[in-house]
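Asker: If you're matching them up, the sequences are chains A and B in order.
Residue numbers for the first sequence, in our numbering: 921 to 1076.
Residue numbers for the second sequence, in our numbering: 921 to 1076.
Check the hints yourself; a few may be wrong.
Okay, the calculated beta carbon distance ranges per label pair [said to hold, decoys possible]:
1) A/Phe-930 with B/Pro-1072: 49 to 55 angstroms
2) A/Ser-1057 with B/Phe-930: 48 to 54 angstroms
3) A/Glu-984 with B/Arg-1011: 44 to 50 angstroms
4) B/Ser-931 with A/Ala-923: 24 to 30 angstroms
Covered stretches of chain B (chain A as the covering partner; in silico rule of three or more C-beta atoms under 8 angstroms from a C-beta of chain A) [what the hints assert, rightly or not]:
5) 942 to 955
6) 967 to 973
7) 1060 to 1066
Just so you know, these hints were derived from the structure itself, not from any lab.
C-beta atoms are modelled at their ideal positions from N, C-alpha and C, and glycine is treated no differently.
Each chain, letter by letter, is given below.
Number of protein chains: 2
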Amino acid sequence: MNAARTETTFSDSAVKGVRLYQMRTIIDSTRGNLTVGEFGGELPFVPRRFFLTYQIPERTTRGEHAHLKCEQFLVCVRGSCAVSVDDGLHRDEFILDRPMVGVYVPPMVWAAEHQHSWDSTLMVFASDPYDPADYISDYAEFTRLVRRADAPTTPA
Amino acid sequence: MNAARTETTFSDSAVKGVRLYQMRTIIDSTRGNLTVGEFGGELPFVPRRFFLTYQIPERTTRGEHAHLKCEQFLVCVRGSCAVSVDDGLHRDEFILDRPMVGVYVPPMVWAAEHQHSWDSTLMVFASDPYDPADYISDYAEFTRLVRRADAPTTPA
């Protein structure tokens, strides 16, 4: 017996809706390793888009925006990077350094990727096609929108 | 100007329905590189599943099956590997060694992955959830099904 199998699990972050996933993996010294995820089942949405970022210069930060509607799922498929997330109230940070780990980032969470290793390749699944109107790229605007969403409604 | 941009293009293979894609890529020496694909638009289907294979021992061949219905799209996100495809009539082979290259494999095409570099990581998108009944894992059975599908219909 050369194979071990783990099932998909996740843990919640202090940041609203963010989850750290350990994806279903078969470790097999004879055949090689396999990590798998089914979209819209064990993973939270069916992607309409993916992108890969790679050959990121040292000390470059990518991301630094939130989305109004788009959901994202990040997997570092080569090397390592850090992902920081912020819902305007709490912050958290994850080191992604293996293919079976993924971070789910819901809408209205500010995210940034940094500390890329020289060989880092990050794969991102997105729930929606590209839409520049869905981006919040100004942090002050982000916190203003978060405060407005969290404000108690007052009678007219 | 440190950035160059290419759009998504593909070329047809001699093997029925197989296509080799060069995906939309921004090469940017300041910010890093980005390869992107929109599913169901520039890429041919919306995936319901993905998997990654990695740490494949030398001289190991993976795949070696066809699908009755499931479509697949293969991208080597680290290192390199070879993908061979066969529709029962023609064969073709591709070396995948960069993140912007993908191979679309339609149903009823026999595919195998081999010549994995020591650091090879292959990402596969699949159009359907896992279904063992969708696999054709016996090559003689595959060619029999291909011949039957290609046979002229005779009057009853």
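Asker: Would you mind marking each hint as holding or not holding in the structure?
Answerer: Right, here's what the structure says about each hint:
1. A/Phe-930 with B/Pro-1072: 49 to 55 angstroms: For B/Pro-1072 against A/Phe-930, whose Cβ atoms are near 53 angstroms apart, the range 49 to 55 angstroms holds.
2. A/Ser-1057 with B/Phe-930: 48 to 54 angstroms: violated, 32 angstroms
3. A/Glu-984 with B/Arg-1011: 44 to 50 angstroms: holds, 47 angstroms
4. B/Ser-931 with A/Ala-923: 24 to 30 angstroms: Between B/Ser-931 and A/Ala-923, where Cβ atoms are some 38 angstroms apart, the hint is violated.
5. 942 to 955: Holds, because 7 residues of the stretch 942 to 955 of chain B bring their Cβ atoms closer than 8 angstroms to Cβ atoms of chain A.
6. 967 to 973: holds (count 7)
7. 1060 to 1066: violated (count 0)
Checked against the numbered hints listed earlier, the structure breaks hints 2, 4, 7; every other hint is satisfied.
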